[in-house]
Amino acid sequence: MSDSSRVLLEVVDVSKSVSGPEGRLDILSGVNLAVAKGESFAIVGASGSGKTTLLGLIAGLDTPTTGSIRLDGEALEKMDEEARAAVRRRLVGFVFQSFHLLPALTAEENVMLPLELEGNDDARDRAREALESVGLGARRRHYPAQLSGGEQQRVALARAFVHRPRVLFADEPTGNLDQHTGEHVGDLLFELNRVHATTLILVTHDPHLAGRCTRSAALHDGRLGVVA
Amino acid sequence: MNVLRLALRTLRREWHLVELRTLAASLVLAVVALGVVATLSTRIERGVLASAAELIGGDMGISAPSALPAPLVDAARQRGLSSTRGATFPSVAFVDQRSQLVDVLASDASYPLRGTLEIRGIDGQDRVAHAPPPGEVYLDHRAMVGLGIQPGQTVQLGGRDLKVTAELIRLPDGGELFALAPRAMMSLDDANAAGLLATGSRARHRLLVAGTLAEVADWRRFVETQSLPQGAELITPEQTQERMRTAFDRASSFLRLTALLSALLAGVAIALAASRYARRKTNEVALLRALGTPRRRVAALLIATLAALALPAAAIGVVISLALAQGAWYFASQMFAGVPTTLPLSPAFASAAVGLAVLAGFALPPLVRLAEVPPVAVFRDSVSRSVRRFDALYLVPLVVALALVWLQADSAKLAGILAVSLTGVAVVAAGLSALLLWIARRVAPGAHPALRLGLAALARRRGLSLIQATALSLGLCALLLLAVIAPALLDGWRRELPADTPNWFALNLQDDQRADFEHRLAGLGANKLNMLPLAVGKLTAINDKPIAQLTFKDERAKDWSDRQLRLSWSGDLPPSNVLVGGQWSGERPAQAEVSIDTTWRDMFGLKIGDRMRFVIGEGEVEARVASVRQVDWSSFRVNFFLLLDPAHAADLPHTWLASFYLPRGHADDLARLSRDYGNLSLVDVDALLDRVREIVDRVGSAVRWVLGFSLLAGALVLAAALAASAQERRHEAALLRTLGARRGQLRAAAACEFALLGLVAGLTAALGATGAGIWLGNAIFHIEGFVPPLWPLIGAAALAAFVVMAIGLFGTRKVLRTSPMELLRE
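Line by line, the protein sequences give chains A and B.
Numbering-wise (the numbering used here), the first sequence opens with residue 1 and increments by one.
Numbering-wise (the numbering used here), the second sequence opens with residue 1 and increments by one.
Take the hints with a grain of salt, since some may be wrong.
Negatives, chain A to chain B, calculated, CB over 10 Å [claimed, not checked]:
{"hint": "1", "residue": "V7"}
{"hint": "2", "residue": "D13"}
{"hint": "3", "residue": "G23"}
{"hint": "4", "residue": "A36"}
{"hint": "5", "residue": "G67"}
{"hint": "6", "residue": "G135"}
{"hint": "7", "residue": "R166"}
{"hint": "8", "residue": "H205"}
{"hint": "9", "residue": "D206"}
{"hint": "10", "residue": "T214"}
{"hint": "11", "residue": "R215"}
{"hint": "12", "residue": "S216"}
{"hint": "13", "residue": "H220"}
Chain B regions said to be covered by chain A (calculated; three or more residues, Cβ under 8 Å) [unchecked claim]:
{"hint": "14", "segment": "734-740"}
{"hint": "15", "segment": "815-823"}
Hints were generated in silico from the structure; no laboratory data involved.
Just so you know, even glycine gets a beta-carbon here, dropped at the ideal spot from N, CA and C.
Hey, can you work out the whole structure from these sequences and the hints?
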């Protein structure tokens with residue numbers, strides 16, 4: 001990854017420690033990673049290996065204790081929360097394991113959220129398009145509680161892609177779904193990623209899903225292993 | 001494991017939940033708000049009553065036309081009450097050849113038990129005293145002028161020679177404005193020895209008692225079980241004077257209203273916290289049901305958990321409210337200097353009971369509904385969560401609130417007005433909120449991003465927004481009502497006692513003295529002079545039937561028909577008189593006509609067209625009842641039960657009665673003037689006016705104190721209500737932050753959201769308070785032509801928007817700082 005113009009994410013010697021009741025706890029140490037634009041990259045690991053912490057850091061939700069993280073050329077560790085929020089708004093889309101749709105909003109309103117934050121005037125139209133693209137155009141007025149798990153995750157996918165992010169972070173996107181639905185959502189995720197030419201960074205313990213990515217790396221006890 | 005143990009365990013486990021803590025805090029607040037208001041109100045009412053007791057010379061008493069039975073005195077003594085016996089009767093005092101009719105109060109040495117008897121001794125010094133010992137008499141200024149004597153001389157009363165040892169200045173006589181005859185006070189022993197109280201005399205016997213509230217109440221219950229002499233009447237502080245009664249009625253209505261509205265505010269907070277708790281518990285209940293727990297047991301567990309939380313919270317509320325009420329009294333009591341009262345405990349406990357009832361009414365319905373969650377909900381959340389935007393369940397608290405209004409208001413009329421007003425406010429608030437949300441949807445695309453997000457936030461929680469706006473409107477309406485009614489109430493009272501209320505009365509003025517007297521008064525700076533003719537006579541027949549042959553249901557009628565009556569005449573309907581029947585006679589009706597007051601109409605069963613015959617001096621007049629008047633006896637004007645027409649009455653033997661306002665400091669000039677008119681009696685009512693003003697001020701202070709606490713309670717409950725939605729906002733803020741929302745964006749959106757919420761609530765509340773204020777002001781407080789001030793209300797609505805925004809932002813400041821990482825950790 002020497003060509004910096006092709007690198008979207010560059011993580012250099014990142015560590016994250018927290019202080020707990022039994023003293024300092026190192027969650028991540030000496031993590032190095034580079035992901036190219038348009039690439040799909042999976043971070044795999046067992047529960048408690050630090051996957052979620054690493055995702056939080058590279059997505060700009062949190063700051064590392066040491067090391068540097070550059071997302072699309074911007075050094076996240078030097079930014080305050082407001083600046084990182086601006087980067088997220090501009091560059092990042094998210095898909096979560098437990099969907100995180102707002103229960104009081106319809107599917108359409110949930111998808112509109114990132115656009116509303118940008119102050120977009122055509123939020124509703126674009127949200128409809130996004131829902132059409134995940135096959136839920138007919139259910140845009142439904143509330144999350146009226147949708148199945150798979151449908152909810154498809155709404156979350158529509159929300160993630162609706163503002164055309166440069167990078168999509170997905171945290172166990174199929175973790176709450178059965179195998180069949182999970183595969184369907186996985187297909188959709190990779191399809192949207194391809195269509196929108198988005199960089200996909202995926203955290204999962206599902207080897208099958210990880211295998212669909214162009215590259216993957218394993219986290220073990222806070223250290224990133226072999227990048228395949 | 002039994003339900004209680006399981007409930008306690010659940011409570012211990014769940015104590016960290018915000019909703020549960022909010023629920024407990026709301027209940028504590030409810031009990032504190034109710035308790036402080038109720039305790040303070042009770043205490044202040046007692047203070048006001050105690051100060052009114054000063055006007056009758058005791059806490060309670062009984063009067064009768066014949067001697068009072070000994071058991072009444074014994075019962076008072078057994079209950080630890082102090083007592084005094086006495087009698088009032090008319091008699092004639094003699095000094096040499098001069099005589100003077102006097103109203104005598106004969107009393108034992110204990111009188112007065114409350115208040116002060118003020119006299120001016122032979123040495124000219126004023127002092128506080130008790131009833132005179134045997135052989136002595138106190139006479140008021142008029143009696144001494146009438147008899148032409150000075151203190152130190154002797155008068156003959158009831159055949160006994162009594163030494164005038166003091167001039168009677170002020171006595172706790174029930175606040176009667178002025179007696180027709182001059183006053184004298186003598187020892188009861190002398191009166192008995194002189195045979196003045198023997199059977200057949202026109203004496204009215206009385207017994208006054210004083211003690212603690214409980215002792216007096218106990219004695220009253222005893223008295224009410226006794227067979228009392230015919231014509232016996234209880235003397236209570238409230239009954240002493242019409243003006244006082246009006247003040248008490250208004251004060252107690254207001255205090256009840258204040259406490260009631262505080263309770264409703266607390267209910268709003270409880271409802272919000274409880275429904276949030278119920279939502280939180282849905283999954284757990286579904287799991288319990290799935291594991292085989294019967295529905296009934298789930299319900300029992302929920303109720304037991306609630307009870308385990310509620311009882312200690314209520315107890316804490318009682319303790320805090322007592323402490324706060326005690327603290328508040330420490331400051332308020334300065335208004336009631338010298339009025340001893342103890343901290344009443346029962347209102348705080350009663351408030352705890354009401355608080356628990358509010359909790360049950362507002363919290364149990366969602367929890368009972370919760371128990372109905374089917375086991376299958378463990379698999380599918382949507383089974384347990386209704387997607388309806390407005391749940392009919394919220395009507396249950398409304399019903400409880402109305403029941404509470406009914407119970408607390410203690411007046412069907414007040415309850416009705418409040419219930420209709422508050423329901424109206426709720427409907428208008430819901431309608432306005434729905435309209436705002438509808439507009440929001442249409443204007444949102446073109447609005448400023450912060451406003452759009454704020455509107456979107458309101459629209460996102462459509463159901464909750466409607467409920468919150470309605471709840472806030474009700475709360476604000478309550479507060480505005482207090483803010484609108486209270487000042488108007490005080491102003492109303494003040495207006496009835498303007499600074500230039502006539503403070504002197506001149507009696508016995510003759511026709512030929514009028515012009516000169518008027519001229520000299522003007523020279524002294526007197527104003528508001530009003531002169532009325534005054535004739536003294538007796539009613540002899542109604543419709544040609546001699547009065548002695550008539551029987552009346554109302555015992556007072558007999559009493560009045562024996563008395564010397566005061567009659568006057570006027571061509572115009574006097575101020576503070578309202579015609580309620582017939583036609584006003586005017587200056588010159590064809591035949592003699594009389595206008596009667598409603599009391600006389602009711603006592604004698606009179607109707608328009610009846611003929612009444614009076615003997616006045618040596619003349620006689622027969623007049624047709626031409627009109628009936630409602631007289632405001634609480635006004636400080638001279639009023640008459642009977643008014644004749646001037647054309648037929650002007651020739652009757654009469655004197656003139658003058659009332660006027662003389663600025664303070666001119667009493668000496670007036671005394672000089674008085675000496676030039678030997679026949680004139682001057683009555684100074686400044687002292688009485690001061691008393692009344694003082695008592696009105698005390699009631700005013702009470703209202704302000706209670707108002708202050710209600711506003712505080714309202715603000716606290718408002719904050720609790722907003723805190724109930726914090727959990728949802730937290731999740732939402734984390735998500736929005738994750739999606740890239742700036743903190744300022746969230747803050748501006750929250751400010752817009754709360755300001756809009758506050759504006760809707762404020763406007764609705766202002767509308768509601770205006771309507772209810774007009775209604776209450778006229779129907780309950782009897783403030784004529786009461787119109788709530790418009791600009792303050794509009795200002796209050798704007799202020800409400802600002803305050804709700806400030807409270808909202810303050811309450812959500814932590815939420816707005818939520819780290820987006822929380823979302824990944826959930």
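Checked hints:
1. V7: Answer for V7 of chain A: holds, closest chain B Cβ roughly 22 Å.
2. D13: holds, 21 Å
3. G23: The claim stands: G23 of chain A keeps its Cβ more than 10 Å from every Cβ of chain B (closest is about 21 Å).
4. A36: holds, 23 Å
5. G67: G67 of chain A clear of chain B: closest Cβ-Cβ about 17 Å, beyond 10 Å.
6. G135: The claim holds: G135 of chain A sits with its nearest Cβ about 20 Å from chain B, beyond 10 Å.
7. R166: holds, 12 Å
8. H205: holds, 15 Å
9. D206: Holds: least Cβ distance 17 Å, greater than 10 Å.
10. T214: holds, 24 Å
11. R215: holds, 22 Å
12. S216: Nearest chain B Cβ is 20 Å from S216 of chain A, so the label holds.
13. H220: Correct as stated: the minimum Cβ-Cβ distance to chain B is 20 Å, above 10 Å.
14. 734-740: holds (count 6)
15. 815-823: Contact hint for the segment 815-823 of chain B vs chain A: holds, 4 residues under 8 Å.
Going through the hint list in order, the structure satisfies each hint without exception.
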